[in-house]
Amino acid sequence: MTRLSRRRVIAIFRKELRDYRRNRYMLVTMAVIPIIFLVQPVASILSLPAAAAVPLSRKHELIYMLGIPALVPALVAAASIVTERQQGTLEPILTTPLRREEFVLAKALAPLIPSVAISYLVYALFVVIIELFAHAGIASALFSGHLVIAQIVFTPLIAAWSIWVGLAISTLSNDVRAAQQLSLLGNLPVVAVVVLISVNVIHATAGLALGLGVALLVGYRVGWRVVSALFDRERLITGTRD
Amino acid sequence: MSATPDRGPAISAKGLTKRFGDRVAFEGVSFEIGYGEVFGFLGPNGAGKTTTVRTLGTLIAPTSGSATVAGIALAPENGVEIRRRISIMPELPGLYLRLSVRENLECFADLYEVEDPDDRIERSLRAVNLLDRERDLCGSLSKGLRQRVALARALLPDPQVLFLDEPTSGLDPAATRDVHELIAGLGDSGVTIFLTTHRLEEAERLCDRVAILNTRLRTIGTPNELRDRLFSKSLTVKTVAPLEHPEQVFAGLPGVEDWRQDGDGAYALAVSDPAVAAPATIRALVAADADVLWVAESRHSLEDVYLELIDHHEPVAQP
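Heads up: the protein sequence lines correspond to chains A and B, in order. 19 is the number of the first residue of the first sequence in the numbering used here; add one for each residue after it. 3 is the number of the first residue of the second sequence in the numbering used here; add one for each residue after it.
Chain B on its own, in the form it takes in the complex (with noise of 0.2 Å):
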């Protein structure tokens, strides 16, 4: 959607630090963000998530530290400037309930002075599927349409940058689903997308990378990255019937570190490399007359490290 500058990160913060008071909303937190990718930032409830959205929207000035978005410094006065470049929907839609779905966005497209908003406006809506919905007043709307209003409103001035605050927060099932195909679409098209979330799969399915936030940044990648970092690889093996010597059939077989019995016909080897240990392990099976039942990876989700990474403090450290 939006031209991509090729010049530095679309989004970049240097011990970023947000205090009220005495109280730490956030602090230390630095990261880079590419054009171009979509960037979760997952932490509980009083993290900093929103106020870090806040931060880096100019809506608040940050306590210390620097940042850049969109390729200019945040600032004050670079305010302006850096909000004609990006787009917050925040997790409330805050929409004018007595004013119609079109009139929302014609007050958004001229706030933006976007070029020939009604094209603008058309565009935005055919993206949320809400063209024939434009007349409607938006306190008419469902939780689900006002969510999907907001998201038509934060694509109106085609953003470098879209922060999207809790996009799916109170949203069922069907809606979801919606909008996580337009955030897909929205980054599959270019749109650099900062995704602030609780819902963990959400995160999995749409997020390049993450970071997982709890006041201070406990760790930043790919989900497959933090995977690794935190989690062993490993493989489940399924027998029919136990075996016999299951130290005979596991002990040295290439890409196996360890393993151990994890029930009845169960087992669960810790494993350097999945693509060398589970061939290795098949046929030390089938050579030891086993009757394999299954040989499985397993995989941890990002739910397992986000858990491990909230419960314990210590921050894991980041390539």
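Looking at chain A on its own, in the form it has when it is part of the complex (with noise of 0.2 Å):
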């Protein structure tokens, strides 16, 4: 692959940090997601017994809010190129000297970290508010060493993968509410495959956690180059191709 200019890269990352910030329909859906993944299993672990402490400790609940990293980046990624392409914007960015590898990987970076940091903050209240204020003995049994290292690892796995799949949908999608429905689909089986080892349908053993990152990182690698192979600035600029 070509050499990438560091400097245009973190351009357009700032640029669409600065975005983010000023954008209420962004940072809503930013918020919303985490709180819908916050409040639910409060309330429902806050109102367990101590008895079920034991049961609960042969479970993995908590690695739904994996989920987190999975919609939230998937939602911001998939509006990225689309809106650009709306609003005008993208025709002026491809007259620069601007290579699409750099625009792409600029596009993920940006979404990645916010989604990183919401997925991590949330993650955090939700174990302070247990270890404040559910039944002694719920805490010890919901948080385990291997679990929150799991959390922290597959965070960003998650969400760099969601966001390859909501770049890639926005490249080539026309409308963004479109493209953002159709990125939640497409990343509806990282959910699926999280919701079932949190019910312990798939069994989380250290094999699996290994293996789901290789194939994630792998994921990450091809994703760019898929996205990129995408960014036709002809179909994008014009909406059609020689």
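Just so you know, the hints here were simulated from the structure itself, not pulled from any lab data. Positions of the beta carbon are idealized from the N, C-alpha and C atoms, including for glycine. Just to be clear, a hint being listed does not mean it is correct.
[Said to hold, decoys possible] Away from chain A, derived, C-beta distances all over 12 Å, residues of chain B: (1) GLY30; (2) GLU206; (3) GLY267; (4) LEU287; (5) ALA292; (6) VAL294; (7) GLU305.
[Said to hold, decoys possible] Label pairs and their in silico Cβ distance ranges: (8) A:ARG32 / B:PHE233: 55 to 61 Å; (9) A:ARG42 / B:PHE22: 34 to 40 Å; (10) A:LEU228 / B:PHE22: 47 to 53 Å; (11) A:GLY106 / B:ARG128: 23 to 29 Å; (12) A:VAL213 / B:ASP134: 52 to 58 Å; (13) A:ILE54 / B:GLY187: 55 to 61 Å; (14) A:GLY106 / B:PHE22: 15 to 21 Å.
Combine both chains into one complex, guided by the hints.
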């Protein structure tokens, strides 16, 4: 792959973050899903009696919190390129020396940072609330070292994967809402795996974690190449191809 | 603004063609533009002007033909190198409306990897008289101001070739005048400007040469050359009262090829050279004891040329 310019990647990345901060729609998109993912389990766990600690310790319920990095960046990434097309900002950007690999990489990094930060924040908030307000024994039944490590490691990996899915769909779409809905659908397999692990249908083992981690890392590399290849200047500018 | 390479033309196109499926955007377009030239590209809607700009700007690939832009062959592998040397201001400003003027320019200064971006941004803003608005969000600016920000953005990389696609489209007269002054200033400072426009008076005022495109290139030349190529030169004569024997006054005058009465006391003279015909005509009128109101050279506007070419579909021979 051609040598990339760090300065150009940072320029787009910084522009994206500035835009997120002032975009109410984007802020709401980033906030709603984490709130749903936080409130529902907090309510159900706080209502559990102390006797529920033993069966709880045999499950991995908190793994389902990985749904946040699967869904939030998918929505943000899906809006990313199609919005630029609709607002007419894509053409001026593409008249600069920016390479498509640089543009796509910056577009991927921009939602990754806030999504991962929000996911970690929500998880930390959840831990604090459970430690402070749940029945004694519930917290220790819920949290284990390997679950926390899984959360920390898989959050950015899943977020990156869902971003590539979202960007691929955004590159091919003409409508923001359609792109976001398709992106959510495209990421449902990841959410399904997470849910099946959390309810013990798929047994969480170190081997499984390693396998999934490697698969996501490979997917990350492949995703960059695939989305870069899909990023066709001519089609994006004119809506058609020679 | 830019160092002028002393090799070849700034832009050269040979038989350039772009088709989208069966639809021809433009076809067989050939021209050369020198460094420092302000070149007007005129044509009706759908003539292929914007597609030509996008093609030369490496945004879309030509179907056939060849071109060089800023001395570099137009080819997919040269896209980045060409885009380093040129700048395009599209018809729509395409600004990030939630970002300030300065933040927009910072982003593009980094995309062009300009040295000393703060200084370059300040110079660009000063050039468009927007230094005092740099902190304003672009979404809060009027259409005219947004157009000026887009122009400042196009100036950032100090381009060798600047493509301006309908830069005054939708602007009020005052904003249009400001943009005209800017373009004239850039032309004076040696930037090669490729200006597409619908405004014929704009092209006539700003451009060294113009080309008229209607899918195919209809003609190319200076506004005066196009006028001379399409229309014969003429003088109009107006006297207080009709001449008793106009045939005796106008026939055989040096430089006068033909004449006709064009109203009461009004005459139109077809001439080969107004500089020869006008003094001879005045002398003849005085000798005939005519009360002369005026003798003037009739000038066809670029609009006349444009309408003549767009209405008639045969290309006009180029020199």
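We went through each hint and held it up to the structure:
No Cβ of chain A comes within 12 Å of the Cβ of GLY30 of chain B; the nearest lies about 16 Å off, and the non-interface call holds. A cut-off of 12 Å between C-beta atoms confirms that GLU206 of chain B is not in contact with chain A; the least separation is 27 Å. Even its closest Cβ contact with chain A, about 57 Å, leaves GLY267 of chain B beyond 12 Å, as expected for a residue assigned away from the interface. Listed as outside the interface, LEU287 of chain B is consistent with that label: its C-beta sits roughly 59 Å from the nearest C-beta of chain A, beyond the 12 Å cut-off.
For ALA292 of chain B, the non-interface assignment is confirmed: its Cβ lies about 61 Å from the closest Cβ of chain A, beyond the 12 Å cut-off. The Cβ of VAL294 of chain B sits about 57 Å from the closest Cβ of chain A, beyond the 12 Å cut-off, so the non-interface label holds. Non-interface call for GLU305 of chain B relative to chain A: holds, since the shortest CB-CB distance, roughly 30 Å, exceeds 12 Å. For ARG32 of chain A paired with PHE233 of chain B, a C-beta distance near 56 Å keeps the hint of 55 to 61 Å intact.
Taken as a hint, the range 34 to 40 Å holds for the pair ARG42 of chain A and PHE22 of chain B, whose Cβ atoms sit roughly 38 Å apart. LEU228 of chain A and PHE22 of chain B have their C-beta atoms about 49 Å apart, which keeps the hinted 47 to 53 Å range intact. Distance hint check for GLY106 of chain A and ARG128 of chain B: the Cβ-Cβ separation is about 26 Å, which falls inside the suggested range of 23 to 29 Å. With their beta carbons about 56 Å apart, VAL213 of chain A and ASP134 of chain B fall inside the hinted range of 52 to 58 Å.
The beta-carbon spacing between ILE54 of chain A and GLY187 of chain B, approximately 57 Å, falls within the hinted interval of 55 to 61 Å. Distance hint for GLY106 of chain A and PHE22 of chain B: a CB-CB separation of about 20 Å, consistent with the stated range 15 to 21 Å.
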